[in-house]
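K.L.:
Here is what each chain is made of, one letter per residue.
Protein chains: 2
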Amino acid sequence: MSSFDQTPGVSPREAATQGFVFNHTMLRVKDIRASLDFYTRVLGFSLIDRRDHDEAKFSLYFLAYLDDGERVPEEADARREWLARRRGVLELTHNHGSETDGTVYHDGNSDPRGFGHICVAVPDIRAACARFEDLGVAFQKRLTDGRMKSIAFIKDPDGYWVEIIQPTGLN
Amino acid sequence: MSSFDQTPGVSPREAATQGFVFNHTMLRVKDIRASLDFYTRVLGFSLIDRRDHDEAKFSLYFLAYLDDGERVPEEADARREWLARRRGVLELTHNHGSETDGTVYHDGNSDPRGFGHICVAVPDIRAACARFEDLGVAFQKRLTDGRMKSIAFIKDPDGYWVEIIQPTGLN
Numbered sequence: 001m002s003s004f005d006q007t008p009g010v011s012p013r014e015a016a017t018q019g020f021v022f023n024h025t026m027l028r029v030k031d032i033r034a035s036l037d038f039y040t041r042v043l044g045f046s047l048i049d050r051r052d053h054d055e056a057k058f059s060l061y062f063l064a065y066l067d068d069g070e071r072v073p074e075e076a077d078a079r080r081e082w083l084a085r086r087r088g089v090l091e092l093t094h095n096h097g098s099e100t101d102g103t104v105y106h107d108g109n110s111d112p113r114g115f116g117h118i119c120v121a122v123p124d125i126r127a128a129c130a131r132f133e134d135l136g137v138a139f140q141k142r143l144t145d146g147r148m149k150s151i152a153f154i155k156d157p158d159g160y161w162v163e164i165i166q167p168t169g170l171n
Numbered sequence: 001m002s003s004f005d006q007t008p009g010v011s012p013r014e015a016a017t018q019g020f021v022f023n024h025t026m027l028r029v030k031d032i033r034a035s036l037d038f039y040t041r042v043l044g045f046s047l048i049d050r051r052d053h054d055e056a057k058f059s060l061y062f063l064a065y066l067d068d069g070e071r072v073p074e075e076a077d078a079r080r081e082w083l084a085r086r087r088g089v090l091e092l093t094h095n096h097g098s099e100t101d102g103t104v105y106h107d108g109n110s111d112p113r114g115f116g117h118i119c120v121a122v123p124d125i126r127a128a129c130a131r132f133e134d135l136g137v138a139f140q141k142r143l144t145d146g147r148m149k150s151i152a153f154i155k156d157p158d159g160y161w162v163e164i165i166q167p168t169g170l171n
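Chains as they are written, first to last, in UniProt numbering: chain A, 1 to 171; chain B, 1 to 171.
To be clear, the hints were calculated from the coordinates, so they are not data collected in a lab. As the structure is a computational prediction, the values presented were derived from the model and not from experiment. A hint or two may mislead.
The list treats identical chains as interchangeable, and a pair is accepted whether it falls inside one copy or across any two copies.
With a straight-line Cα cutoff of 20 Å, these simulated DMTMM-like cross-link-like pairs (lysine to aspartate or glutamate) come out [to be verified]:
id, residue 1, residue 2
1, K57, D111
2, K149, D52
3, K149, E81
4, K149, D111
5, K149, E55
6, K149, D77
7, K141, D124
8, K30, D52
9, K30, E14
10, K141, D31
11, K149, D54
12, K155, E81
13, K155, D37
14, K149, E163
15, K30, E70
16, K141, D5
17, K57, D134
18, K30, E133
19, K149, D124
20, K149, D37
21, K149, D31
Isolated chain A, as found in the complex (with noise of 0.2 Å):
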């Protein structure tokens, strides 16, 4: 139930669509190494699967934020089950090659655009960014920067955006 439902275009849920999840969302990347160093050592997200298709030149990376003590399953085909029953999968494209051949991947914010961001919520704003510039992270907005004083937007190594929020109200 949501107090949206008389939105123009919403309609109730469909049984048929009972246990759909949203699972991940996709970006390509041009060097694998800088975008794993950037998702696992400055945002935190673990890898939890990694598939190579080495005859047609990708490989696929999906990170997630594990749970406290959560392990990733070691069995290939329950790995697979478990992270496609998940919410906030983030997968990565990496077509092989494309980190040194030029490739330069668009972030969806100037023309022609589309997609937009991505968010990861923190429980202390001002503490995350302080420890992104002490990480030489790349902002898109800081905190002070125009009128919502509230949200910062970091850049990946691709340029994506990357939204910060906290959940609750800042002081």
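Here the structure of chain A is known, so what remains is to put chain B in place on it, guided by the hints.
P.N.:
Below, chain B alone, put in the same frame as chain A:
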């Protein structure tokens, strides 16, 4: 812990990232009514928040899969916090007037490439795809197309790709 910790670029999780949540993915949409119809009626998402910024001429719509019996908090601050703590939220941005002013958004899968797709996991992919066919949904890749017979891609009203997977193996 992950069995992929030795992958180049991967770092162990730093304590400073405790409590981080991959909250949402944002896509711009041309016709919000068509998109809400697609994501609620076809895919079973619920609209869980709406934020109108009339002076800046845009509105944000947040969608997610609710758990059985779960209700959206009525009070705005409580709802915002509840929303920000979730995984697996889809944010749709509607720039007012885009539905009639010739705006065409870019799906990221032709040059300039970047964003690839979002993915919804379903309990029975054959039943889900048969229903999508019945509903007249556009397919990028049917189960029977190409080499990968266990996944499909449908297209939302803006042409963004939505991968459809089934967590368990197909018989």
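K.L.:
When Cα atoms must be at most 20 Å apart, do K30 and E14 count as within-copy, between-copy, both, or neither?
P.N.:
neither (40 Å within a copy, 25 Å between copies)
K.L.:
First find the shortest C-alpha distance between K149 and E81 inside one copy, then the shortest across copies, and answer within, between, both or neither for a cut-off of 20 Å.
P.N.:
between (40 Å within a copy, 17 Å between copies)
K.L.:
Regarding K30 and E133, is the shortest C-alpha distance of 20 Å or less found within a copy, between copies, in both, or in neither?
P.N.:
neither (23 Å within a copy, 35 Å between copies)
K.L.:
Using 20 Å as the alpha-carbon threshold, which applies to K149 and E163: within, between, both, or neither?
P.N.:
within (13 Å within a copy, 35 Å between copies)
K.L.:
My question is about K141 and D5: at a cut-off of 20 Å on alpha-carbon distance, are they close within one copy, between copies, both, or neither?
P.N.:
The answer is neither: 33 Å in one copy and 31 Å across copies each exceed 20 Å.
K.L.:
Taking 20 Å as the upper bound on the Cα-Cα distance, should K155 and D37 be classified as within, between, both, or neither?
P.N.:
within (13 Å within a copy, 32 Å between copies)
K.L.:
If the cutoff is 20 Å on CA atoms, where do K155 and E81 land: within, between, both or neither? Let me know, please.
P.N.:
Classified as neither: same-chain Cα gap 31 Å, cross-chain 24 Å, threshold 20 Å.
K.L.:
Could you place K149 and D31 in one of the four classes (within, between, both, neither) given a Cα distance threshold of 20 Å?
P.N.:
neither (32 Å within a copy, 29 Å between copies)
K.L.:
How would you classify K57 and D134 at a CA-CA limit of 20 Å: within, between, both, or neither?
P.N.:
Answer is neither: 36 Å inside a copy and 36 Å across each miss the 20 Å cutoff.
K.L.:
Under a CA distance limit of 20 Å, which applies to K30 and E70: within one copy, between copies, both, or neither?
P.N.:
neither (30 Å within a copy, 40 Å between copies)
K.L.:
Within a copy, between copies, both or neither: which one fits K149 and D37 at a CA-CA cutoff of 20 Å?
P.N.:
neither (28 Å within a copy, 33 Å between copies)
K.L.:
Is it within, between, both or neither when you check K149 against E55 at 20 Å Cα-Cα?
P.N.:
between (48 Å within a copy, 18 Å between copies)
Comparing the model with each numbered hint stated earlier shows that hints 4, 9, 10, 12, 15, 16, 17, 18, 20 and 21 do not hold.
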